[in-house]
Amino acid sequence: MNLTHDLIAVFGGIFGLLAVFSAIGAVLKYRVSPGAPHGVIDNLNARIKAWWAMIALIGGAIWIGKWGVIGLFGFISFQSLREFVSLTHTRRGDHRALIWSFFVFLPLQYYLIAIDWYGLFSILIPVYAFLLLPISSSLGADTTRFLERAAKVQWGLMICVYCLSHVPALLTLDIAGYAGRNVLLIVFLVLTVQSSDVFQYVWGKLLGKHKVSPAISPSKTVEGLVGGVLTSTAVGAALWWITPFSPLEAGLIALVINMMGFFGGFVLSAIKRDRGVKDWGAMIEGHGGMLDRVDSISFSAPIFFHIVRYWWVA
Amino acid sequence: MSIDHLIASALCGFAKLLTGVRAVWLGSEPDARPRVYFANHRSHGDFVLIWAALPPHLRYRTRPVAGADYWLTTGLRRFLINRVFRGVTIDRRPDRHGANPVEQMGAALAAGESLILFPEGTRNLGEGVQAFKSGIHHLSRAYPEAEFIPVWIENLGRVMPKGSLIPVPLLCSLTFGPPLALIDGESRDAFLTRARSALLDLAPPED
Numbered sequence: 001m002n003l004t005h006d007l008i009a010v011f012g013g014i015f016g017l018l019a020v021f022s023a024i025g026a027v028l029k030y031r032v033s034p035g036a037p038h039g040v041i042d043n044l045n046a047r048i049k050a051w052w053a054m055i056a057l058i059g060g061a062i063w064i065g066k067w068g069v070i071g072l073f074g075f076i077s078f079q080s081l082r083e084f085v086s087l088t089h090t091r092r093g094d095h096r097a098l099i100w101s102f103f104v105f106l107p108l109q110y111y112l113i114a115i116d117w118y119g120l121f122s123i124l125i126p127v128y129a130f131l132l133l134p135i136s137s138s139l140g141a142d143t144t145r146f147l148e149r150a151a152k153v154q155w156g157l158m159i160c161v162y163c164l165s166h167v168p169a170l171l172t173l174d175i176a177g178y179a180g181r182n183v184l185l186i187v188f189l190v191l192t193v194q195s196s197d198v199f200q201y202v203w204g205k206l207l208g209k210h211k212v213s214p215a216i217s218p219s220k221t222v223e224g225l226v227g228g229v230l231t232s233t234a235v236g237a238a239l240w241w242i243t244p245f246s247p248l249e250a251g252l253i254a255l256v257i258n259m260m261g262f263f264g265g266f267v268l269s270a271i272k273r274d275r276g277v278k279d280w281g282a283m284i285e286g287h288g289g290m291l292d293r294v295d296s297i298s299f300s301a302p303i304f305f306h307i308v309r310y311w312w313v314a
Numbered sequence: 315m316s317i318d319h320l321i322a323s324a325l326c327g328f329a330k331l332l333t334g335v336r337a338v339w340l341g342s343e344p345d346a347r348p349r350v351y352f353a354n355h356r357s358h359g360d361f362v363l364i365w366a367a368l369p370p371h372l373r374y375r376t377r378p379v380a381g382a383d384y385w386l387t388t389g390l391r392r393f394l395i396n397r398v399f400r401g402v403t404i405d406r407r408p409d410r411h412g413a414n415p416v417e418q419m420g421a422a423l424a425a426g427e428s429l430i431l432f433p434e435g436t437r438n439l440g441e442g443v444q445a446f447k448s449g450i451h452h453l454s455r456a457y458p459e460a461e462f463i464p465v466w467i468e469n470l471g472r473v474m475p476k477g478s479l480i481p482v483p484l485l486c487s488l489t490f491g492p493p494l495a496l497i498d499g500e501s502r503d504a505f506l507t508r509a510r511s512a513l514l515d516l517a518p519p520e521d
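Those sequence lines, one after another, are chains A and B. The first sequence: position 83 = 83 (this note's numbering), numbered continuously. The second sequence: position 45 = 359 (this note's numbering), numbered continuously.
Read the hints as simulated data drawn from the structure, not as lab findings. Careful: at least some of the hints might be erroneous.
What the hints assert, rightly or not - Distance windows between CB atoms, simulated:
hint: 1; chain 1: A; residue 1: F130; chain 2: B; residue 2: R455; range: 53 to 59 Å
hint: 2; chain 1: A; residue 1: F263; chain 2: B; residue 2: P518; range: 22 to 28 Å
hint: 3; chain 1: B; residue 1: P518; chain 2: A; residue 2: W67; range: 35 to 41 Å
hint: 4; chain 1: B; residue 1: S511; chain 2: A; residue 2: L139; range: 35 to 41 Å
hint: 5; chain 1: A; residue 1: L132; chain 2: B; residue 2: R455; range: 54 to 60 Å
hint: 6; chain 1: B; residue 1: K476; chain 2: A; residue 2: G13; range: 50 to 56 Å
hint: 7; chain 1: B; residue 1: S511; chain 2: A; residue 2: S22; range: 44 to 50 Å
hint: 8; chain 1: B; residue 1: G477; chain 2: A; residue 2: G13; range: 25 to 31 Å
hint: 9; chain 1: A; residue 1: G60; chain 2: B; residue 2: G477; range: 51 to 57 Å
hint: 10; chain 1: A; residue 1: V226; chain 2: B; residue 2: P518; range: 17 to 23 Å
hint: 11; chain 1: A; residue 1: V277; chain 2: B; residue 2: R407; range: 52 to 58 Å
These numbers come from a predicted model, not from an experiment. Beta carbons: idealized from backbone N, C-alpha and C, even for Gly.
Make a model of the complete structure from these sequences and hints.
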């Protein structure tokens with residue numbers, strides 16, 4: 001099987017689907033409210049447009065190669081961490097810890113992927129950042145809400161940098177009979193989890209009645225959750241041919257990462273509600289901030305990474 | 315486009331890139347009538363951010379009010395504040411001999427321009443918002459036709475707190491509130507308190 005051939009097949013398929021969705025969006029707009037603003041349809045079309053850009057970005061990064069993928073996810077981490085820290089209250093005494101997070105731990109985490117140093121990659125943030133950052137904050141001599149502030153900085157690094165960095169880290173796994181094709185694992189993960197978000201949105205809009213938890217997210221419904229996770233699990237199973245998995249394995253793994261992805265969005269929604277905001281930012285039109293788009297990937301990537309590493313890496 | 319304009323656009327672009335600034339208009343819209351934008355003050359970059367967030371056609375009619383004791387001390391600062399930002403530089407010393415600050419600010423309003431003002435007087439390095447100086451009240455009495463718009467600046471003080479050399483790339487937001495005017499017979503302290511709480515109303519909830 002040829003990598004380029006598979007990539008062209010997958011990306012060709014996605015662009016084809018996007019073209020269909022764009023056409024449907026345009027027809028809906030023309031039929032329902034030509035020339036006048038319509039909340040749901042305009043948001044739908046903005047989302048589809050943003051998908052074109054996001055898929056093109058991922059495709060471009062894969063085309064560049066290893067550094068392209070690492071650079072793209074490094075940037076995604078950077079933007080997510082910006083959004084996370086901007087919404088959480090830190091104090092002047094945390095300034096140095098934040099500088100270390102943005103300009104040392106974040107680049108270092110991605111550099112360790114590039115030089116394939118798994119041992120340090122896996123403990124850099126859970127051990128070294130965890131111990132060193134509170135030391136830096138304590139030197140700021142401000143004890144107000146100290147534990148809370150230290151915990152927030154660490155949490156931001158874990159979610160936005162450590163967890164997300166497991167996506168490009170898939171490139172470093174040595175899988176027998178799969179050499180040189182690891183980038184397809186990234187395609188599988190991103191496509192499955194993101195399609196779960198899309199199908200949850202679609203099923204929720206079509207059939208959604210029972211809210212999963214109105215206190216946390218007004219838009220997540222049981223119908224959307226079940227329909228979305230099942231549909232995208234089927235998507236995952238259907239993508240088995242780009243993975244080292246059998247169709248059944250691909251489906252089971254897709255189910256696990258889709259559930260993790262759903263709860264990733266759920267947990268980060270709880271934080272947003274607590275802070276009194278709807279979105280993490282305004283970077284991606286129709287979607288909100290970067291973190292709104294990647295929360296599900298953040299929760300599923302490390303689990304996916306370790307499933308593959310435990311059962312498929314010799 | 316003059317070199318001053320070019321430098322101004324470059325600085326605005328840089329400020330936007332660094333801070334990802336987002337302007338939220340709640341209760342007021344961008345408008346060319348004479349206005350006084352008054353904001354909380356945490357950082358030297360505060361007025362640049364407000365200035366950058368205004369639409370360009372309003373930006374060049376909006377002049378920051380700045381302390382002469384800081385801005386007129388070196389050649390570069392003088393160039394920036396006089397030529398690039400077209401600031402109104404006022405003498406903040408109590409024993410001043412020069413022009414009356416309220417008259418200086420009023421001249422700009424009378425010419426149809428707007429002002430950016432920090433009524434706390436100096437940068438606030440603590441929490442919350444300090445008590446307002448009385449200049450904004452004098453201004454509201456002398457120029458009752460001007461609109462006073464509170465602007466809450468969120469996060470810029472955290473990007474680069476006093477004494478630090480490296481900025482943290484946090485996202486900043488500006489919230490523009492509804493306009494405020496002096497009510498007939500309102501005392502100085504009542505107006506200052508009302509203006510201050512209008513600004514605090516725009517702040518996000520404390521945790």
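(request) If any of the earlier hints don't hold here, list their numbers in rising order. (result) 8, 9, 10, 11
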